[in-house]
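**Q** When you get a sec, could you build the whole thing from the sequences and use the hints?
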Amino acid sequence: MEKVLFAHVDNPQQHRIETYLAAGGYQALPKILREYKPDDVIDLIKKSGLRGRGGAGFPAGMKWSFVPKTSPKPKYLCCNADESEPGTCKDRVLMESDPHLVVEGIIIAAYAIQAHQAFIYIRGEFVFPAARMEQAVEEAYARGYLGKNILGSGYDLDLVVHTGGGAYICGEETALLSSLEGDRGLSRIRPPFPAIEGLYGCPTVVNNVETLANVPLIVNRGVDWFRSHGTEKSPGTKIFSLSGNIKRPGNYEVDLGTPLSYIINELGGGVPDGRTLKAIIPGGSSTPLLLPHQIDTPLDFESVAQAGSMLGSGAIIVIDDGACMVWTAMKLINFYQHESCGKCTPCREGTAWLKQLINRIEDGNGRPGDIDLILDICGNIMGRTICPLGDAAVMPTESIIKLFRNEFEYHIEHKTCLVKTSYPLA
Amino acid sequence: MILSGDTIRQIKARMDRYPTRRSAILPALTAAYRQVGHLNPAIYREIARVMDVPYIEIAEAASFYTMFPKHEVGRYLIQVCHNISCSLRGADNLIAYIESKLGIALGETTSDKLFTLISVECLGGCSAAPMMQINDTYYENLTRARVDEIIAQLRTEAGQDGG
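Chains A and B, in that order, give the protein sequences.
Straight run, no breaks: the first sequence in our numbering ends on number 426.
Straight run, no breaks: the second sequence in our numbering ends on number 589.
If you're looking for bench data, these hints aren't it; they were derived computationally from the structure.
Check before you lean on any hint, since a few could be wrong.
[Claimed, not checked] In silico lysine-lysine, DSS-like type, Cα no more than 25 Å apart, as pairs:
#1 A:LYS148 / A:LYS69
#2 A:LYS402 / A:LYS420
#3 B:LYS496 / A:LYS343
#4 A:LYS148 / B:LYS438
#5 A:LYS46 / A:LYS69
#6 A:LYS148 / A:LYS37
In this text, all values refer to a predicted model and were calculated from it rather than measured experimentally.
**A** Right, dumping it as C-alpha cells:
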C-alpha cells in the first residue's frame with residue numbers, strides 16, 4: 001500500500017528544510033499562491049473529500065468555508081497538536097519526522113481562510129516534537145515561506161508554536177482556544193462555532209495535524225489521486241496507532257477502508273503467542289469496543305460506525321484474554337475523571353462517581369446494584385455536557401459493561417477477578 | 427527574585443508574539459517551570475509583575491495544568507504512564523519495579539533528592555509502551571534492564587555535576 005504522509009518517515013534528515021525541498025516539498029505553496037484564489041483552495045479541499053483526522057471526521061473544506069469572508073475581524077488558523085487521546089501517537093511522528101509537511105499544510109490552510117496569524121498548539125509533554133516544529137518554522141521564515149509577503153505574493157502569515165500544560169481537554173477545539181487565550185482550558189458552548197467566534201472572539205479554524213499534512217499532497221497530486229485512496233465517503237489514507245497486546249505495535253499508514261484484521265494480523269503480527277484476542281478499541285479510548293468477530297470491519301468512518309463504534313483518531317488498542325475487563329474499565333474511567341475540566345456538573349460529578357464505583361468493584365468491594373447504578377450515571381452524563389469529554393467517558397464504560405457484564409457480576413459476587421490481569425514487565 | 431534574567435527575557439519575547447499578552451501566560455509558566463523545576467505562588471507573583479497581568483490570572487491558569495509540579499521535586503521527575511496501552515504492556519509492574527529499585531512509593535522523592543516518582547495519564551507513546559518521561563525526555567519500550575540502565579546513567583550524570 002502506498003505511503004503518502006509517511007513517504008519519508010524513515011529518512012532521519014527529512015525534518016530539515018533542504019531535505020524536504022529536495023523531496024519536492026514547498027511546491028504546493030507557490031502553486032497555491034500563484035494560481036489559486038482563497039476560495040479555489042477551499043473548493044479543492046471540499047472536492048477532495050478530506051475529513052478531519054482528529055476524531056470527528058468533519059469535512060475540512062466545509063469547515064474552512066464557514067469562516068465569514070466579509071468579517072472585518074482578523075481570522076486565525078490553529079493546528080491542533082494536543083495529541084492526548086489514549087492510544088493515539090501519530091501526530092507526534094508526523095511532527096518529528098516531517099514537520100515541514102505540517103508547516104506547508106498550515107500555510108495553505110491559513111491562506112484559504114485568509115488568516116494572517118496561525119498557531120500550532122502542541123501538548124506540553126511533547127518537548128522534542130515541539131522543538132522540531134520550532135526549527136521547521138524558523139527555517140520556513142528564513143526561506144520566505146512565512147512572514148511578510150510570502151514568495152512575493154503579498155500574502156502575510158505569522159506562525160507561533162505554542163505548548164500546552166498537560167490537559168487532555170485542550171485537544172477539544174473550544175478548550176484549546178480558551179487555553180491559547182491564557183485561561184484554564186475550559187470548553188465553550190457552541191454555537192457560536194469557532195468559525196464565527198473563536199480565538200479572541202474572531203473567526204477561527206482548528207484542524208488536526210494529520211488533516212493539515214494531507215493538504216500539500218492534495219495540491220501537488222490532485223483530487224483524483226487523493227480519491228484513489230480510501231472509500232468514496234472516507235477518501236485518503238489514515239495513520240493508525242496500533243498499541244496494546246500486539247506483537248508489532250507501531251504507527252501504520254493505510255488506505256481508509258482497510259480491514260481492521262489487516263492492521264492487527266498482517267502489520268501488527270496478531271496478539272502475542274499463546275494469547276487470544278478478546279476485544280479491540282478501534283478509535284482511541286473514547287470509542288466503544290469491538291469484538292473478535294468484527295475484526296474484518298473496514299476502517300472508514302461509515303463502516304466503523306455501522307459496527308457500533310467510531311473511527312475516532314485511529315488509535316487501535318488491542319486487548320487479549322489476559323485482561324480483566326473491570327480492570328480495563330477502571331483504567332479508562334480513572335483517566336476521564338482526571339481529565340474532566342470540571343465545568344459541567346454531569347461530567348465533573350459523574351466521572352468521579354463512575355470512578356468510585358468501578359474502582360470499588362475492581363477492589364472487591366462492589367455491591368449488588370452497582371452495575372445498574374453505573375449505567376444510570378452514564379445515562380445522566382451522555383449528551384448533557386458542553387463538550388464531548390463526558391460522552392467519551394460514557395461510551396467505553398457502557399460498551400464494556402454491555403459486552404462483558406458477566407465479569408462485573410463475577411467481581412461483585414466473588415470479590416475477585418474472573419480473569420486475573422497480569423502483564424509482566426520484560 | 428526567583429526568575430532569572432533569561433527566563434524573564436523569554437517571557438517578554440513570547441508576549442510580543444501574541445495578539446494579547448494573556449496568551450503568553452502558559453508559555454511563561456512553562457519557561458518558569460523549565461528554570462525552577464516546579465511552580466509556586468511566589469513564582470506566579472513574579473510572572474504577574476513581568477507580564478503586568480493580575481496575580482490571580484496566573485495562579486488560576488497554573489492550578490489547571492497538571493504538567494507543572496506545584497512543589498519541589500527531585501532533580502529527575504520520573505513520570506510513568508499508567509494508562510491503558512501502557513498497562514496492557516506491564517505498566518503496573520514497571521511502576522512497582524521502579525518503586526522497589528528506588529525505595530520510594532509513588533509521589534515520593536528519594537532522600538538524596540535525585541528522583542521523584544509519579545504516575546501520569548497517557549503521554550502519547552502508546553505504540554512504544556510501556557514508557558515514561560523523565561524531565562523533558564521520553565523513554566520507551568521499557569524493560570527492567572533498560573530501567574536499570576537509565577537510572578544508572580542519571581546517577582552518573584548527577585554525580586559528574588557534583589550531585
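**Q** Indicate, hint by hint, whether the structure satisfies it.
**A** Hints, one by one, checked against the model:
no.	hint	verdict
1	A:LYS148 / A:LYS69	holds (21 Å)
2	A:LYS402 / A:LYS420	holds (20 Å)
3	B:LYS496 / A:LYS343	holds (22 Å)
4	A:LYS148 / B:LYS438	holds (22 Å)
5	A:LYS46 / A:LYS69	holds (17 Å)
6	A:LYS148 / A:LYS37	holds (18 Å)
In this structure, none of the earlier numbered hints is contradicted; all agree with it.
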